[in-house]
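Peer 1: Chain by chain, the residues run as shown.
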Amino acid sequence: MFRRKRISNDFSAEIEAHIQLETARLREQGLSEDEAQAAARRAFGNVTRAEERFYESRRWLWWDHLQQDVRFSLRMLRKSPGFTAVVVLTLALGIGANTAIFSLINAVALRSLPVPNPQQLFLLQWTARQEPRANYFVRYAGCPSGSGRFLASPTACSFSYPMFEQVRSLRDVFSGVLSFERANAAVRVSGSPGKLWGMYVSGDFFSTLGARAAIGRTLDGNDDVSGAEPVIVLSYRYWQSELGSDTSVLGKTATVNLKPFRIVGITGSDFADFDPGVPVDFWLPLASQSIVNPHSPSQTDPHSLWLYLLARLKQGVKRSRAEAELNGMFVPSTTSGPAAIFKADDAPRITLYNAADGLASLRTEYARPLYVLMTAVGLILLLACANVAGLMLARSSARQKEMAVRNAVGAARWRIVQQLLTESLMLSAAGGALGILFAVLGARSLAAFLSANSHVPLQIDVGIDWHILGFALVVSIVVGVLFGLAPALRGSRVDVAPILKLSGGHSGTMPRQSAHLGNILVVAQVVISILVLVGAGLLGRTVLNLERADAGFKTGNLLLFGVDMTASGLAIDDPRCDKLNRELQNRLAALPGVSSASYSLAPMLSGGLAGGEFHLPGAPSSSVHSTDLLSVGPGFFETMKIPLVAGRTFTKADFESSAGPKPIVVNRTFARTVFGNDNPLGRVLTEGRSQTPDWQIIGVVGDTKYENIRKEAEATVFTPHKYRLSTFALRTEGDPKAIVSLVRDAVGRVNPDFFMLQVMTQTEEIDRTIYQERLVATLSALFGLLALALASIGLYGLVAYGVARRTHEIGVRMALGAQRQKILWLTARFGLVLTLIGVALGLGVAAGVTHYLQSLLYGVRPLDSWTFACIAILLSCIATLACYIPARRATRVDPMLALRHE
Amino acid sequence: MSTQEAKARLELLQGTLHLLILRTLIFGSQHGQGIARAIQQTSEEELLVEHGALYPALQRLEERGWISAKWGTSANNRKARFYSLTLAGRKQLVKETTKWKRLAAAIGRILGSQTKRS
Chain A
1 MFRRKRISND
11 FSAEIEAHIQ
21 LETARLREQG
31 LSEDEAQAAA
41 RRAFGNVTRA
51 EERFYESRRW
61 LWWDHLQQDV
71 RFSLRMLRKS
81 PGFTAVVVLT
91 LALGIGANTA
101 IFSLINAVAL
111 RSLPVPNPQQ
121 LFLLQWTARQ
131 EPRANYFVRY
141 AGCPSGSGRF
151 LASPTACSFS
161 YPMFEQVRSL
171 RDVFSGVLSF
181 ERANAAVRVS
191 GSPGKLWGMY
201 VSGDFFSTLG
211 ARAAIGRTLD
221 GNDDVSGAEP
231 VIVLSYRYWQ
241 SELGSDTSVL
251 GKTATVNLKP
261 FRIVGITGSD
271 FADFDPGVPV
281 DFWLPLASQS
291 IVNPHSPSQT
301 DPHSLWLYLL
311 ARLKQGVKRS
321 RAEAELNGMF
331 VPSTTSGPAA
341 IFKADDAPRI
351 TLYNAADGLA
361 SLRTEYARPL
371 YVLMTAVGLI
381 LLLACANVAG
391 LMLARSSARQ
401 KEMAVRNAVG
411 AARWRIVQQL
421 LTESLMLSAA
431 GGALGILFAV
441 LGARSLAAFL
451 SANSHVPLQI
461 DVGIDWHILG
471 FALVVSIVVG
481 VLFGLAPALR
491 GSRVDVAPIL
501 KLSGGHSGTM
511 PRQSAHLGNI
521 LVVAQVVISI
531 LVLVGAGLLG
541 RTVLNLERAD
551 AGFKTGNLLL
561 FGVDMTASGL
571 AIDDPRCDKL
581 NRELQNRLAA
591 LPGVSSASYS
601 LAPMLSGGLA
611 GGEFHLPGAP
621 SSSVHSTDLL
631 SVGPGFFETM
641 KIPLVAGRTF
651 TKADFESSAG
661 PKPIVVNRTF
671 ARTVFGNDNP
681 LGRVLTEGRS
691 QTPDWQIIGV
701 VGDTKYENIR
711 KEAEATVFTP
721 HKYRLSTFAL
731 RTEGDPKAIV
741 SLVRDAVGRV
751 NPDFFMLQVM
761 TQTEEIDRTI
771 YQERLVATLS
781 ALFGLLALAL
791 ASIGLYGLVA
801 YGVARRTHEI
811 GVRMALGAQR
821 QKILWLTARF
831 GLVLTLIGVA
841 LGLGVAAGVT
851 HYLQSLLYGV
861 RPLDSWTFAC
871 IAILLSCIAT
881 LACYIPARRA
891 TRVDPMLALR
901 HE
Chain B
1 MSTQEAKARL
11 ELLQGTLHLL
21 ILRTLIFGSQ
31 HGQGIARAIQ
41 QTSEEELLVE
51 HGALYPALQR
61 LEERGWISAK
71 WGTSANNRKA
81 RFYSLTLAGR
91 KQLVKETTKW
101 KRLAAAIGRI
111 LGSQTKRS
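So the sequences go chain by chain: A and B. Residue numbering for the first sequence follows the numbering used here, beginning at 1 and increasing consecutively. Residue numbering for the second sequence follows the numbering used here, beginning at 1 and increasing consecutively.
No wet-lab data here; the hints were simulated from the structure. Some hints here could point you the wrong way.
As the list claims (entries may be wrong) - What the simulated footprint calls covered on chain A by chain B, stretch by stretch (three residues with Cβ under 8 Å from a Cβ of chain B suffice, anywhere in the stretch; the number is not a length):
| # | region |
| --- | --- |
| 1 | 15–22 |
| 2 | 34–46 |
Stated by the list, open to error - A partial selection of chain B residues facing chain A, derived with a Cβ cut-off under 7 Å:
| # | residue |
| --- | --- |
| 3 | GLY32 |
| 4 | GLN33 |
| 5 | GLU50 |
| 6 | HIS51 |
| 7 | TYR55 |
| 8 | ASN76 |
| 9 | ARG78 |
| 10 | LYS79 |
| 11 | ALA80 |
| 12 | ARG81 |
What the hints assert, rightly or not - Pairs of lysine to aspartate or glutamate, EDC-like flavour, derived with a Cα cap of 20 Å:
| # | chain 1 | residue 1 | chain 2 | residue 2 |
| --- | --- | --- | --- | --- |
| 13 | A | LYS737 | A | GLU712 |
| 14 | B | LYS79 | A | GLU28 |
| 15 | B | LYS70 | A | ASP10 |
| 16 | A | LYS662 | A | ASP694 |
| 17 | B | LYS70 | A | GLU16 |
| 18 | A | LYS401 | A | ASP69 |
| 19 | B | LYS95 | B | GLU50 |
| 20 | A | LYS641 | A | GLU712 |
| 21 | B | LYS79 | A | ASP10 |
| 22 | B | LYS95 | B | GLU62 |
| 23 | B | LYS70 | A | GLU51 |
| 24 | A | LYS314 | A | GLU325 |
| 25 | A | LYS737 | A | GLU764 |
| 26 | B | LYS79 | A | GLU33 |
| 27 | A | LYS662 | A | ASP628 |
| 28 | B | LYS79 | A | GLU16 |
| 29 | A | LYS252 | A | ASP220 |
| 30 | A | LYS259 | A | GLU229 |
| 31 | A | LYS711 | A | ASP550 |
| 32 | A | LYS554 | A | GLU733 |
| 33 | A | LYS641 | A | ASP574 |
Glycine included, C-beta positions come from ideal geometry on N, C-alpha and C.
Build the full structure now, drawing on both the sequences and the hints.
Peer 2: Here is the structure:
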């Protein structure tokens, strides 16, 4: 530092001045020049010592030491680039994996709601012993206790509009209460319409949250009255990405399900994080819901539970008091009187949940798996630390002589520790920096993977923020100290004399204790790699089996996409829908590269299914059977290549007639389970619990899997499809994705207001339903290979260190005529034995735990011997290679050089 | 100054050098050599100030903000670094003087009573 130099010189000048003054004084007392000078110097004492004391007293001393250490460490690390690269890469993978998972957790679970005082916001949730007797009842994914489907007592976050008004009247505990409902709608600002997710919100939604508009205004109380001018607020994200941040959209008209709304504002740039990960692109006043969606529940109906309530607690009011006041009002009004939806002994209760972090639909869905993943990557990081610690330990043995010299010339022990720790921290800092890069890539692809496989659109923002940088920094420091401290302490505790007496550069011996530790680390790494690789192998085979599983129809070369006619203003069962479906079918079938086209209500193997009930005519209505149901268009079985077993498939006439029983096609399982060996053709069935015959069987087709590829085919009924929402299936001659733009044009020509949803191939659709298996298989394969790489590095290091240490001995043996093979065996034996122990232990442990994977596996047993054998062989080969390379170096030792070494 | 001479003088107690420097500077700014001289003379040559130890002590006092320094010219026209008391240093001096007097008195009482008893 410049500052240090100046002051130091200044100090020396001052001392010089002192000595001159003293000399002058002594000369006045009559001493000669020489005598005076000598006396003055004597009186001063040791000048250098004074200068040193001055130097050490300065506050910047640690900075100088740090600079020295950093420079020295850089030199040392540059001298062994292989070691440095391996350590940095190992740490980068470990830190990167942790940071990636952390940034996902951060995105869905840790960010605070971007509004003032979010800790005052509470979401209302009710619980009761029985389901409510409601006309309409919505469960909301953002509800803190999950969907409530698996819980003993029903719970939800939905309330009726009259309840909202009641809660709003509690002005002494709440400073504001807002309500909202999530919905999607066909929104068109300019160009073609898009299906967007948005919210209907009460007039005080934005003011209670304290959210401001980026441009224009937000919604207010005057917008939320019936008869007000219909207005819409758009999200910043939508405005930026779809409208190109064009400020002139303000005041323009957008259509929502074809109804005009005036655009009055754009929300602030961070407001879309209201429900982290779930995009909200528009906000409409609650009062306008009846305009957009005529089927929406009435605002006055106390039996429709559809609104979510968020309340802002008044300053100084306790949550318990607010809950007491809420229940004092909620319990009597819902258990008695005309608005009763519960019985008195259902014990309904409202609980307030803090909504400071937003609504977190994703938190409830992904937080647990993410924390499990976090644990897994934490283990990987520990493994990486153990590995690096092993490498450092071996290295510190090789550097014993250096340490001894430094000790002998007077370096304090803490200075040596400090220097070695600086080295470790530099390695971990480099690893952390590279790790952040890995983390960004990893988190992005993980987020993309999750949203590609999700049924609702996701928008997980995994951008780097201070949380993530801080996390990576802390992890790097902890890791650096963790793996660096033990070797550093050991390195500093050297006995100088015996080491310096030995003249050989590598003669330092590793103490027994740390040699044992090194061996245990290597064996543990082999065991863990076996474990993870066996899991990866089993899951990999599962994924292959699932992808090759017979679905009952041909899954290749099949393009699927939904066509939504909502925006064209058609009612859900408009008779024109059937005609439009068939017009689309004809146009699509005529496209080049398409061999046939058909449609159904929902795609096959998409993870969802429709079901229904029926009973045989004459049988009591209590003896209902349940069956899977799918409505399909003409030519569906031909397009999907589902074989016809008996009778016929649907014809055009089946879609047009509405008199008499509905013609249906059933699958083989249905025919066998319902009719046994009797001929099912022409038989009549009664749908649900009614008494009129409404189904007549016209044909039997082969079994197909319906809900997902894992589930065996169930009894299924196919009915004619004539509704507003269809999923089209195109059998193509070549790559299905190649004709997507042609398909878009064809759909647009039938009606520009139709929009296509979820365009994907049947194979992609199947992949989506098995994403968990794929994710776990891919991640465990990655982690397994990582563990294998780490273990190999560990083995390599161990054997290489042994060779270096025994160079002299090898030289003697070779001089005495030992064979090269013998030397090879001598040096590699140790590593090979450790490998064998690790492999045997690993296989044993794996055999003990793979049954936990049972529920994930498909077509492969947890103790699949083929997988176990392959992994054992793979690992042994790589481990042998890792031992062989350094051992071969031992055979190249020149006896003369080795002996002169001493 | 012979070794015998030096042995006859009292070595400074730990931490008292600060107090003496501050006290010396109360008469106006002075350079290091002058401070050393002054301490020796006012103590009637009883105290030994190792000149080498003086400068690091001056440096510490300067860092604490009790004294300030600038280069100037000495009476016999030589360049020297002159130290002077700051306001904070003046306060510190009062504080330490009180402390020291109480300490000296207390120790004196104990030692005095012991002498009486024996």
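Peer 1: All hints, please: hold or fail.
Peer 2: Right, here's what the structure says about each hint:
1. 15–22: holds (count 6)
2. 34–46: Since 6 is at least three, the answer is holds.
3. GLY32: At about 5 Å, which falls below the 7 Å cut-off, the nearest Cβ of chain A leaves the hint on GLY32/B intact, so it holds.
4. GLN33: Holds, about 4 Å.
5. GLU50: The hint holds - GLU50/B has a Cβ within 7 Å of chain A, the shortest such distance being about 5 Å.
6. HIS51: holds (4 Å)
7. TYR55: holds (6 Å)
8. ASN76: holds (6 Å)
9. ARG78: holds (6 Å)
10. LYS79: At 6 Å from the nearest chain A Cβ, LYS79/B passes the 7 Å test, so the hint holds.
11. ALA80: Holds - the Cβ of ALA80/B comes within 7 Å of chain A, reaching about 5 Å at its closest.
12. ARG81: With Cβ-Cβ at 5 Å, under 7 Å, it holds.
13. LYS737/A with GLU712/A: violated (29 Å)
14. LYS79/B with GLU28/A: holds (18 Å)
15. LYS70/B with ASP10/A: holds (11 Å)
16. LYS662/A with ASP694/A: holds (6 Å)
17. LYS70/B with GLU16/A: holds (16 Å)
18. LYS401/A with ASP69/A: Measuring from Cα to Cα gives roughly 18 Å; hence the hint holds.
19. LYS95/B with GLU50/B: violated (25 Å)
20. LYS641/A with GLU712/A: Measuring from Cα to Cα gives roughly 18 Å; hence the hint holds.
21. LYS79/B with ASP10/A: Given pair LYS79/B, ASP10/A holds - Cα atoms ~12 Å apart, limit 20 Å.
22. LYS95/B with GLU62/B: holds (18 Å)
23. LYS70/B with GLU51/A: Measuring from Cα to Cα gives roughly 19 Å; hence the hint holds.
24. LYS314/A with GLU325/A: holds (13 Å)
25. LYS737/A with GLU764/A: holds (11 Å)
26. LYS79/B with GLU33/A: holds (19 Å)
27. LYS662/A with ASP628/A: holds (16 Å)
28. LYS79/B with GLU16/A: At roughly 10 Å apart (the allowed maximum being 20 Å), GLU16/A and LYS79/B satisfy the hint.
29. LYS252/A with ASP220/A: Between LYS252/A and ASP220/A the Cα gap is close to 19 Å, so the pair holds against 20 Å.
30. LYS259/A with GLU229/A: holds (12 Å)
31. LYS711/A with ASP550/A: The hint holds at about 11 Å.
32. LYS554/A with GLU733/A: holds (13 Å)
33. LYS641/A with ASP574/A: violated (30 Å)
In this structure, the earlier hints numbered 13, 19 and 33 are contradicted, and the remaining ones agree with it.
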